[in-house]
Every structure is written in C-alpha cells, then in structure tokens.
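Undergrad: Chain residues, written in single-letter form:
There are 2 protein chains.
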Amino acid sequence: MNASEKTCLVVFSGGQDSTTCLHWALRSFAKVEAIFFDYGQRHASELQAAQTIAARLQVPLRVFNLDFFRELGGNALVDSTVAIAPVPETGLPNTFVPGRNLIFLTYAASYAFTRGIRDLVTGVCQTDYSGYPDCRDATLKSLERALGLGLEYDEGGLVIHTPLMFMTKAESVAWARELGALDSLAYSHTCYEGDYPPCGKCPACILRKKGFAEAGLEDPLEARARGVE
Amino acid sequence: MNASEKTCLVVFSGGQDSTTCLHWALRSFAKVEAIFFDYGQRHASELQAAQTIAARLQVPLRVFNLDFFRELGGNALVDSTVAIAPVPETGLPNTFVPGRNLIFLTYAASYAFTRGIRDLVTGVCQTDYSGYPDCRDATLKSLERALGLGLEYDEGGLVIHTPLMFMTKAESVAWARELGALDSLAYSHTCYEGDYPPCGKCPACILRKKGFAEAGLEDPLEARARGVE
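Going line by line, the protein sequences match chains U and X. Start counting the first sequence at 4; every next residue gets the next number (my numbering). Start counting the second sequence at 4; every next residue gets the next number (my numbering).
Be aware that one or more of the hints could be misleading.
All copies of an identical chain are treated as equivalent in the list; a pair is satisfied when it fits inside any one copy or across any two copies.
[Unchecked claim] Distance condition first, Cα-Cα at most 25 Å in a straight line; then the derived SDA-like pairs of lysine to any residue:
#1 Lys-34 - Glu-225
#2 Lys-34 - Glu-74
#3 Lys-144 - Thr-55
#4 Lys-212 - Gln-61
#5 Lys-144 - Asp-122
#6 Lys-212 - Glu-181
#7 Lys-204 - Ala-226
#8 Lys-34 - Gly-219
#9 Lys-9 - Arg-227
#10 Lys-34 - Pro-200
#11 Lys-34 - Ile-163
#12 Lys-34 - Leu-210
#13 Lys-144 - Asp-157
#14 Lys-34 - Ala-218
#15 Lys-9 - Leu-220
#16 Lys-9 - Cys-202
#17 Lys-204 - Asp-157
#18 Lys-9 - Ala-33
#19 Lys-144 - Gly-219
#20 Lys-9 - Glu-225
#21 Lys-204 - Val-62
#22 Lys-34 - Ala-58
#23 Lys-9 - Asp-198
Please keep in mind that the hints were generated in silico from the structure rather than gathered at the bench.
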C-alpha cells in the first residue's frame, strides 16, 4: 500500500519541527491524525499551539496525559523550580527528560495499534543536535524495530518517519516554506520560557532564530507577535 | 562492576514470575529496588500483592500510575466490560494490552536513569507463550538496545535481565523453590479475575496450576487460601 492510501499518526508538540512534519504528512498520506502528550511541560502554551494548528488544518488531535515525567521531576522542562541552563559543551543539557521520545513513540505506537495505523511521524532531528540522544537516527531505527517486534508486526510493518532527521534548522525552514507550512508556524510554540512573544534568549529560541536567519526568512511567529499577520 | 556490587530495578507486578525474579535479584545484586505500574488493572489485588511481598522482603517499591492504558481501553485486562476469552489458536488474546511491556520497561529505564541504575529485571517469558509478542526475547533484546541508545549509555550500558525467558512454568516453579521464593509466592497474585482464593479457571490460573503440578509442588498460594500457612 502506498503512503497516499494510508493513514499516519503524527507525534505533535505544537513546535516548529512537528508542525513542519504535520504539513509533510498531509501532503504524503491519505489521512492524518495527531497525538499530543501533556507531560507536565512548564507551560500550557504548547498544548494551545498544538490545538490551534490542528484545528486550522482539520487534523484530529488526541491528547494524552502523562504524569510520569512530572512525578520523576528534576529537570528543567517539567520542573519549574529548575532554571534552564545553557547547553553544556559536554554531557546532557538540563532540559533532558530521560527517555521522553522513547516513551512518546512507544505510546504513539500503542495508540496507533488500536487505530490500525502503522506509520508514525515525528519531528526529531539529530543535525541541530541539542544533546538529546533519543533524537538520533540510530535510536529511532532501533526503537522502530523493537516496537514492531513488540506489536507483532511483520518486518517493516511499523515505520517511524523522521523527515527532518538530517536537515539543519535552515533547511527545515526552507522546506516548511515549500510545504506551505509558514502560516501554521505563525502559531507554533518553541520558547522554553513559554513566552509570547518568544523570549529570544533560551536555547530553543536561539536555535529557531538561527534557522530562520540562515534561511533568509522572517519567522512568521515574530511577524504575528508584531501584529503583521 | 559485578552484579554483586550494583543496584538493580525489578519491574514488579506482584505476580508469580516477577516475585521469583525479585528473589533472584536479591541473591544477585547488592541492592534491589522495585517499580510497580498501576495501569488500570481490573483489580487492586495486584498492587496489594506487590506491596505485601515487597514489604516482607524490605525492598523499596515505587508505584507509578499510568492512565494511558485505561484511556486506550478495549481489552480485557483494563476494561471490565470486556470478558476474558480463552487464548485463541491463532492471533492475539483479548488480554493483549498493546505495547504494555514496552512501556513498562521504557518507564523503568527512565526512572532507573534518575536513580543511577542500569540493570533492569523483568519476569517476562516466551516459553509458556501466551501470545504476548512484547514478552519475546527478540523484542526485549531490541528494546534493550533502543533504550541504551536513547539514554546515551555506552554499548551494553543498559541491561534488561530476563532470567525466566526460556524456562517453562514448571522450571520456574522448581527454581523459585531453590531461590527460597515459595513463602513470597503464597502472597503473589495471578488470577485474571482478581479472586482470592484464585478462580482456577482463567488462562492465568490454568497456566500457574499446570506449572506447580508439573513441578510436583503444591502452590503455596492455595495452601494459604486453605489456611495452611
């Protein structure tokens, strides 16, 4: 069966990368569904962004609550008592939530199983590597195999699509324009501080800014924040 | 570092197999911790069994709530409106919770990461195969690799120990006696119906009964139910 006849499930955070992937999925698959994980992020802005974008694109969005990471605590993305530190030269950044993407994709695969969906899409990317080992291609390929075996699919029965894996942020910005995703990106959320307009200073804002600058495009989110929609 | 100097984390359900594994872990590792997942099982008996056994053995037990499978619904282990059907000749039994062990082990690995523990122990077993693909050795080996990569451990840095993987139920009963685990097994929980004394008729009770019969031992749980402790 071709992708153009199948349904896929996009792991959607309302961020820049998964928004771009959502547009790619809409172009590539017959039907698209999305799944959002509320894992105790510091800010509600992510969920709001995801809901706004999904509604604009008429993509059904299923939200699951994961209290686990909140209970685990101790890192800057779920624990508001921990300040976000700059990415260290070596070692893991303090925004590392251990196993986050492993769990998201495993949950996504379980949910997809109940929906008869065998194609997952995620915006993880190892090129603009922020120190998250669960975003690397080797990890994802290995997880794809484990999940396929654990759900008793034939070899290659489960596919985790990672269209941004080897793109730089600048390349993914250029690609988002090609895909017609810029309108959606105006509603996407990136800032670790949860600010709107974005703080511009956290590691996530800096990475996003750099990508748009290198692609020679204005970030539609900033245009929207200035009231130029 | 030898196992005898390390701490391990046992994925503990309060059932026969993980109880046996807990005893193996106590014999093999310097320190043992346990983790229990409350995922909307039909009965509270599992948690009660786990707490009783862990307390008797003075093993610290951390309980995490996973609402996900309850929200997913549609199978007999989490949805009390679905009756437990006999294991079919082909295909998956209706007690299959898609991805259950994948998620348990991924969560366990994340929690272990925060505790500095890199050895996980699980009682899964592919020999007395009940139709659960997430209990097979190939699945677990593949998951071990994916989790290790996702948590940025060196090759072989994360180990999932599955001491019962290739044992029949009769062999694991005989081994439980060797390990001195029979006292604990008197408090373990197996019955899918949540009954005490166990119903003796569900697929889980039948498998347990067969194991003790073939090992030529009386089930200490039945002895306890008769008041012969």
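Undergrad: Now look at each hint and say whether the structure bears it out.
TA: Cross-check of the supplied hints:
1. Lys-34 - Glu-225: neither (31 Å within a copy, 53 Å between copies)
2. Lys-34 - Glu-74: between (35 Å within a copy, 23 Å between copies)
3. Lys-144 - Thr-55: neither (31 Å within a copy, 40 Å between copies)
4. Lys-212 - Gln-61: neither (28 Å within a copy, 53 Å between copies)
5. Lys-144 - Asp-122: both (13 Å within a copy, 23 Å between copies)
6. Lys-212 - Glu-181: So Lys-212 and Glu-181 pass the 25 Å test inside one copy only (19 Å; across, 63 Å).
7. Lys-204 - Ala-226: Cα proximity of Lys-204 and Ala-226: one copy only (18 Å, versus 66 Å across).
8. Lys-34 - Gly-219: This pair counts as neither: shortest intra-copy Cα distance 32 Å, inter-copy 56 Å.
9. Lys-9 - Arg-227: neither (34 Å within a copy, 54 Å between copies)
10. Lys-34 - Pro-200: neither (33 Å within a copy, 49 Å between copies)
11. Lys-34 - Ile-163: within (16 Å within a copy, 37 Å between copies)
12. Lys-34 - Leu-210: For Lys-34 and Leu-210, neither the intra-copy (31 Å) nor the inter-copy (43 Å) Cα distance is at most 25 Å.
13. Lys-144 - Asp-157: Classified as both; 15 Å inside a copy, 17 Å across copies.
14. Lys-34 - Ala-218: neither (30 Å within a copy, 53 Å between copies)
15. Lys-9 - Leu-220: neither (33 Å within a copy, 53 Å between copies)
16. Lys-9 - Cys-202: neither (39 Å within a copy, 44 Å between copies)
17. Lys-204 - Asp-157: Close neither inside one copy (46 Å) nor across copies (33 Å); limit 25 Å.
18. Lys-9 - Ala-33: The answer is within: 5 Å in one copy meets 25 Å, while 51 Å across copies does not.
19. Lys-144 - Gly-219: This pair counts as neither: shortest intra-copy Cα distance 33 Å, inter-copy 46 Å.
20. Lys-9 - Glu-225: neither (35 Å within a copy, 51 Å between copies)
21. Lys-204 - Val-62: neither (32 Å within a copy, 45 Å between copies)
22. Lys-34 - Ala-58: within (15 Å within a copy, 51 Å between copies)
23. Lys-9 - Asp-198: Intra 37 Å, inter 44 Å, cutoff 25 Å: neither.
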